[in-house]
Structure formats: structure tokens, C-alpha cells
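This is what each chain is made of:
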Amino acid sequence: MTTIIASRPDIPGEDFSRVAMTEETLSLLQKLRGIHGDLMFHLSGGCCDGSSPMCYPVGDFRIGGQDLLLGTFDLPATDDLPATEIGFWVAKPHFEYLRGSHITLDTVDGRGAGFSVESPEGKRFIMRSTLLPS
Amino acid sequence: MVVYANPNTDGAVVDFKDRYDHFIGGEWKAPAKGQYFENPTPITGQCFTMIARGTAEDIEAALDAAHAAAKTWNKSSATERAAVLLAVADRMEQNLEKLAVAESWDNGKAVRETLNADLPLAIDHLRYFAGAIRAQEGSLSQIDDDTVAYHYHEPLGVVGQIIPWNFPILMAIWKIAPALAGGNCIVLKPAEQTPASIMVLMELVGDLIPPGVLNVVNGFGLEAGKPLASSPRIGKIAFTGETTTGRMIMQYATENIIPVSLELGGKSPNIFFGDVMDADDGYLDKALEGFTFFALNQGEVCTCPSRALIQESIADDFYDLGIERVKQIKQGNPLDTDTMMGAQASNDQFEKIMSYIDIGKQGGAEVLIGGEAVDLGGELSGGYYVAPTVLRGSNDMRVFQEEIFGPVVATTTFKDYDDALSIANDTLFGLGAGVWSRNGNVAYRAGRDIQAGRVWVNNYHAYPAHAAFGGYKMSGFGRETHLMLLEAYQQTKNLLVSYSEQPQGFF
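Protein chains in written order, with full-length UniProt numbering: chain A, 1 to 134; chain B, 1 to 507.
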């Protein structure tokens, strides 16, 4: 599993990247934003398809005061689409448990329920983790 | 021991069709856009049927059918509704093996469970709400000698229901029974991982339900679930799933100002106080089974007892006995009635579980047993099997705080009562919990002090109708499996009637 893009740090006072994505994830995202427009991630907690990143068109999921931007990816332009950004959000209480982890956004075959945009493609975004150096 | 033949082979008790359309208005309707998606069985990983890929157009067609049917069904008598529920229950009972094998094939779970839990519970649930609606009464309040307030139960009209994949038929019936009993029409969307067994159910019982009263539209969450949840034509939306989607469903509901019920998972503590080991008897045997219940349904249960808290004074012995019990879990062909644990429901679910076991190891949790994928050989090699896994660590680790939804229990020890309760309640969730003690006072107090909607005391994973089920904290709100749910599917109509012949005196 090799990562291809690291997120910009977004948490005030931090200067390191907390999230990265694999090449497969990048190419799937480039395809999906051609269909749905600009996208964002929110990490879900709990139950069936939870503990997984959910990907939505920007504006579909209302970010609120209890959410934290963990990092932002700069997506390069494609033949058809301009360069753009994708934010990766998590609920603040959930972040307390992720504080010591680095997350890699990977893609596997599958079919998550929920409203995440990759599901009809027969793909599912998945979170892989490694410990951040303490 | 019985080994059921794979569906669509010689001797099979169930044969799936090549493809399934939507069930709308009492008829099978092809999807408006003509698209179907593959449905694999997690038992072998092979596709076994094609499922209609519903879109907003199909949801609208189902809502049209539901609203047309609502004109009469909303005004149907309690007797009539109860009769439908009882007829559905009887038909399911007559076809129990067929439905049980269909459910196992669609979801991956062991047929032992569908035969003895999923289907019997679903059948009983229908009968429970058939009885509950017959017994329901409105009320009247005499305000004064001339004035009476009458309270009537009225249906909400048409409701939307989104069903999870872990108990596809049972979770559907948990929602269908009270909604129909309450006089509502339904548009139901099954999970896209398990869309087939419920269509087998509709083939069996569709003729017993007036056309349009229960409509089933399959498809992806984005394409079918979202148009249903955001529709201004539903009077309520009920959802079981995870937190982010739960939040979206609430967001949509704010736009239409409709009630929502959400059941969103958990990280349930299962507390074993020292006195469970006071004797080597049937009770201890039961407590060890209670520990092992994390493997029920491959751990794919919102109330999976995924955190075991063991009193320090008994830890060494309890771990030894607990691990021995876990070793006795038989994994194998889910269609073999001796098999205790089947396949995880999908490849992505399998991958997620393995990623969490990896997180646990990296975080310093000790793997006491399991911790790896299992290859059962032959055609089962293509399926998604994980060994029952016991981790030991501390409650601040991610595997203690994030729901894995697999056969993984994170265990730790506690010193005393206060320590146990502090650990138990140190979680974002509050759906289920277990308390094991021979001391009734300790068990009672712990049960009341745990912030969770369902606390099993000296038992676990029982789901009888007439015991309310639902969450505290981030596990959602609303209660199921109890007659109080009837009112969650009903409006209250108040007629305030004056029997006085005199003016009120203002003008």
C-alpha cells in the first residue's frame, strides 16, 4: 500500500499531515468528482458501515461545530477537471481516539450502505491506520 | 446435523430468481432506468442474483402506490391490520427453512442462527404487534363537567424505512410490524449488501398485504436511500446504520419537519464481577457463554458485547476459561447446522475488521486468540471469514472505542465497582451492556448506572418482543420491539368537545 498524496495539516498548531490517500483512492476520487462535483469526507462512527470514511458531494452533509477538519487534500487537475481540494472531517469526540493515529484512505472492492458516493462503483473507501510517532 | 444444499442446486430448499425487480403496489416492477446490480453471497463470494438498482423515479412510484393505498389502509380497523400481520407470520412460519437458508445465503450468517433466532423472532414480532394494536386504546380526559378531551391514535400516513444488512429480515420486520399495525403504508429500502432475502419474503407474503401498503425498493443509498429519506412525501423516516448517515437522515428530516428514529450502533461493555467464579456450576457456564456472545452473528450486531470488563480478582482463571470457550466456536459452511460462525457480510466489512485488528496490534493490544482471516477451503475460500478474536488492552485504545462490527472482543480488567462503571461508561455509545454477578444488588445497581438503553443482566443477546430496545448517547434515539413503538408510528388527534349550551363568554 503506497500513498500518493498527503493532506495539508489543518489542525491549529500542528505541522504534520494526518491523512494520506493511495493511488487507487485518488483515481476513484477523480472519477467520482466527474460525476458528483466537488467532494468531502466525513469519518463515520459505529454500526454496520461505520468506522469508515463517507464521501459526499460538498454541501450535502452539513458540517457543524462538533466537527473537526483533520486535513485537506489537493487533487491535481485531470484532462477534464480543474485542480481542487477535498477536506477530511471527523466528529470532535471521535478525534480524541484518533489523535495518535495516521490515517490512510484506501479503497477496496465492496459495497458500503449509507449514502457514500463510491458505493455504486462496487468500491468502498476504507481507513487504514498507523501510529504517529509520539 | 443438517447441511442444507446451496440455493439453486439439487435438493435446495430455496431457489433464487436470476433477478429481482422492486415490489411496488403489490406487483413486481422493473426499475425505471432498467439497471440491475450483482448480489454476491459472502459465503463463497460468488454472485447469485441480480437486483433492481432503484433511483428517485422508483422511490416516487413506490410513494405513489403507498399514498394511494393509504386512503383505505390508514382507516383500516385494528382487526384488519392484525389479521394481515398474523397471516404474514403464519406464512413465514410455514416457510421457515426456506427463509432461513435464503437469509444465510444473502448475509453469510450461520443457518443455525436464522433457523433459531432471526426467523422465529421476526414471526413472533409480527404476532406481538398484531396483539398490541388490538389492545391499544385511545383516552379521554374530562376537563370539566361540560368539556371532554378525546385522544385518538391516527396513522402518520406513509413512512420510509431504511434497513441494515446484519439481520436483513428481522430488522425489516422490527420496523414493518409496528408501522403496519399503526395503520401506515411503507416504502422500505433494504441494504444493498443484502437485498435478496427480503424479496424472497415478499414473494411469499406479498399476496397477503393489500397492494401498496408495503413497497420495497432496492438500490444504493445514494441513489435510492437518499431520495426516500429526503422526500417531503413521508411522515417519518426510520433508520438503522452508522452515525454519519444518521446525521444526514436527521438533516433531511429537518427540511421536511418529520420525526426520525435512529439506531446507530454501540461499543457495548460486558461486565463480569468476581463472584461469577464463586462456584463451578451452570451459572458460570452461562457467564462464559455470555463472554463468547461477541461472536454471535460474526460480531455484526450493534449490541455486540465488544468490550469485556473482567474483575482483577478472577482475571487469570476467567481468561483461561473464556479462551477455552472461544476455541470451541465451530467455523465452517454456514449452511451446516453445526456451524456456529459464518461469513462476514461483505468484502469491505472483512477488510475493515482486519484493519482494526491491525490497529489493535499496533496500539499494543495483546492477541489472546484469533486475530487472523480464516480460509475454510473449497468453494468457501472465496468467502469472508475471520477467526473469533480476543484482544487484551486498555479502554483508551481505539479497538475499545471504535465499533469494529466483527467477531472481535476487546478485554480489560477492573479493580472494583466504581472502576468497572467508569470504564463501562467511558464510550461515545450507549446501546447495549451486560452485567454478570450472582449478587442481585450489585447487578441491579450496575444495570441502573450504565448509560445504555438495554442492559442484559445475567444474560445477553436476547431480543424478545415486549422489551424495549434502543440507544443512549451517540447510539441514537427511539425504542423498538415494544408496544411504545406503536405511538412512534402514530399521531395523536385530540378532539376537544364542549357539551355546554352556553356561550364561552368572550364576545
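Read the hints as simulated data drawn from the structure, not as lab findings.
In this text the structure is predicted, and so the values were computed from the model without any measurement.
A few of these clues could be false.
What the hints assert, rightly or not - Which bits of chain B does chain A cover? Going by a derived footprint, with three or more residues having C-beta under 8 Å, they are: (1) 54 to 65; (2) 231 to 244; (3) 264 to 274.
Stated by the list, open to error - Capping the alpha-carbon separation at 27 Å, the derived lysine-lysine pairs in DSSO-like fashion look like this: (4) B:361 with B:415; (5) B:29 with B:17; (6) B:29 with B:71; (7) B:330 with B:286; (8) B:29 with A:92; (9) B:330 with A:92; (10) A:31 with B:33; (11) B:361 with B:327; (12) B:71 with B:473.
Just so it is clear, CB atoms sit at the ideal spot from N, CA and C, and this is done for glycine as well.
Hint check:
1. 54 to 65: Violated - the segment 54 to 65 of chain B has 0 residues with a Cβ nearer than 8 Å to chain A, which falls short of three.
2. 231 to 244: Coverage by chain A holds for the segment 231 to 244 of chain B (5 residues, Cβ < 8 Å).
3. 264 to 274: That given contact holds, which follows from 4 residues of the segment 264 to 274 of chain B lying within Cβ reach (below 8 Å) of chain A.
4. B:361 with B:415: 24 Å, holds
5. B:29 with B:17: 15 Å, holds
6. B:29 with B:71: Roughly 22 Å separates the two Cα atoms, so the pair holds.
7. B:330 with B:286: 18 Å, holds
8. B:29 with A:92: Between residue 29 (chain B) and residue 92 (chain A) the Cα gap is close to 44 Å, so the pair fails against 27 Å, i.e. violated.
9. B:330 with A:92: 40 Å, violated
10. A:31 with B:33: 21 Å, holds
11. B:361 with B:327: 20 Å, holds
12. B:71 with B:473: Outside the cut-off at roughly 38 Å; violated.
This entry does not satisfy hints 1, 8, 9 and 12, going by the numbered hints stated previously.
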